[in-house]
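Enquirer: Modelling step: build the complete structure from the supplied sequences, incorporating the hints.
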Amino acid sequence: MSPSTKILTAVSMFALLTTCAGTSAYASQTHDHHEEADNHSHAIDAGPSAEQHDDKHAYRHEDAHNRDEHDEHDEHDEHDEHDEHNESAEVILTKAQLALADIHLETLVPMNLSEEVYAPGEIKVNGYRSYIISPRVSSVVTARHAGLGEKVRQGQPLVTLFSEEMVGAQSELQRAVAEWQRVSKLGQRAVGEKRFIEARTVYNATNRRLQALGLSATTIARIEKNDDYPLGEYTLTAQTDGLIMTDDFNQGQRIEPGQPLMLLSDEAHLWVEARLSAQNDLHLQPGDAASVMVGNMSATAIVTQESHTIDPVSRTRIVRLDLDNSRHRFHSGMFADIYFKGPITGGVLAVPQSALMRGADGDWQIFVLDDDGGLIPKEVTLGPKFSEWQAINGVQEGISYVSRGAFFVASEIAKGGFDPHNH
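Taken in order, the sequence shown gives residues -27 to -1, 1 to 396; the numbers are from mature numbering (1 follows the signal peptide of the UniProt record, and there is no 0).
Just so you know, these hints were derived from the structure itself, not from any lab. Since the model is a prediction, treat every value here as computed from it, not as a measurement. Watch out, some of these pointers could steer you wrong.
Said to hold, decoys possible - EDC-like mimics (lysine to aspartate or glutamate), calculated; alpha carbons at most 16 Å apart, straight line:
| # | residue 1 | residue 2 |
| --- | --- | --- |
| 1 | K97 | D239 |
| 2 | K314 | D254 |
| 3 | K351 | E361 |
| 4 | K97 | D310 |
| 5 | K358 | E145 |
| 6 | K198 | E145 |
| 7 | K198 | E152 |
| 8 | K388 | E95 |
| 9 | K314 | E88 |
| 10 | K97 | D336 |
| 11 | K351 | E63 |
| 12 | K124 | D220 |
| 13 | K167 | E152 |
| 14 | K351 | E79 |
Expert: Spelled out as structure tokens, the structure:
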């Protein structure tokens, strides 16, 4: 091998080695770079997960802490608000303020009360003080002397009628009167006992017949004394003082015997007919009092009668009461609410209806006087109702409570203060 050839060979070998070394270094560098990239990629996948776990743990811990702190704060606020409410649910008043606001305090003591028994009813005319004005023979109306709602006096003319049957009865009376007057003047010895007795008997019979036909004693006396009396005419008069309740007829109308022309009633005393349930075993006695309500009007009526039969339609029994109506506030046909007093119950804790108020939750309450002299609400439950008294539970006897003015006290407690003058 020539020297030049050796040199060329050596240069070639050096170049080859240099190339291999560079390739190996590049491959190693590339491998290291990929490994670093892979490690970095794994670090991205694994690293943030751990970081996120730590962040979540820290967030949850902080959130729980915040919630606890918030709940504690809310609970504290709630207690503060509750305490503040309890403190504000009281109003302290002086005697002057109580008097100014017309607030009355009473002591709760046991009472003997009777429970109310309710029954619907109706006001009616007093049948024992009423008269039906009607003819007793077939007649024709010729004149009216009084009208509906008019107040009349006993003996006052009401209606004039004409009857053919009355013509015969009145003429018989006039003949009997004339005969009796002649016989009376002559005397029993002169006319004989038989004629004397017969004349007297006929006179009395004809007089009684006209009374039976509805003529008054005054009218009969006029017929006896006046030969020119218009036969067939007769006038019906008021049998008592009272009001004309009905007058359902017309002038010229033919009226049959017994047909009502007018109803005359004394409204100073009316009937109240209460209907008690057949299952109600309330025992009433004549003279027992009951409360009668008609709208906003109230009165006291007295039990007079009690039916012992049951109405087959309504299944009720009637209790009749007498109502003093001297002020003429009530009238026949009005519907009424009747409250009877039941058996007496002893030891009842009760307050007037005006003492009861509804609380914010809808429960019933009264206002009682506490040890500090303030008025506070006290929740109660209701028992039976005794007329204007309401039995209550949940309080003890001996306490002082607001019997009147409870609404004003409730308003002031709701506002959180008391100031009658708005100062």
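Enquirer: Work down the list of hints and note, for each, if the structure agrees.
Expert: Hint by hint, here is what the structure shows:
no.: 1; hint: K97 <-> D239; result: holds (11 Å)
no.: 2; hint: K314 <-> D254; result: holds (13 Å)
no.: 3; hint: K351 <-> E361; result: violated (21 Å)
no.: 4; hint: K97 <-> D310; result: holds (14 Å)
no.: 5; hint: K358 <-> E145; result: violated (70 Å)
no.: 6; hint: K198 <-> E145; result: holds (14 Å)
no.: 7; hint: K198 <-> E152; result: holds (13 Å)
no.: 8; hint: K388 <-> E95; result: violated (47 Å)
no.: 9; hint: K314 <-> E88; result: holds (6 Å)
no.: 10; hint: K97 <-> D336; result: violated (42 Å)
no.: 11; hint: K351 <-> E63; result: holds (11 Å)
no.: 12; hint: K124 <-> D220; result: holds (13 Å)
no.: 13; hint: K167 <-> E152; result: holds (13 Å)
no.: 14; hint: K351 <-> E79; result: holds (15 Å)
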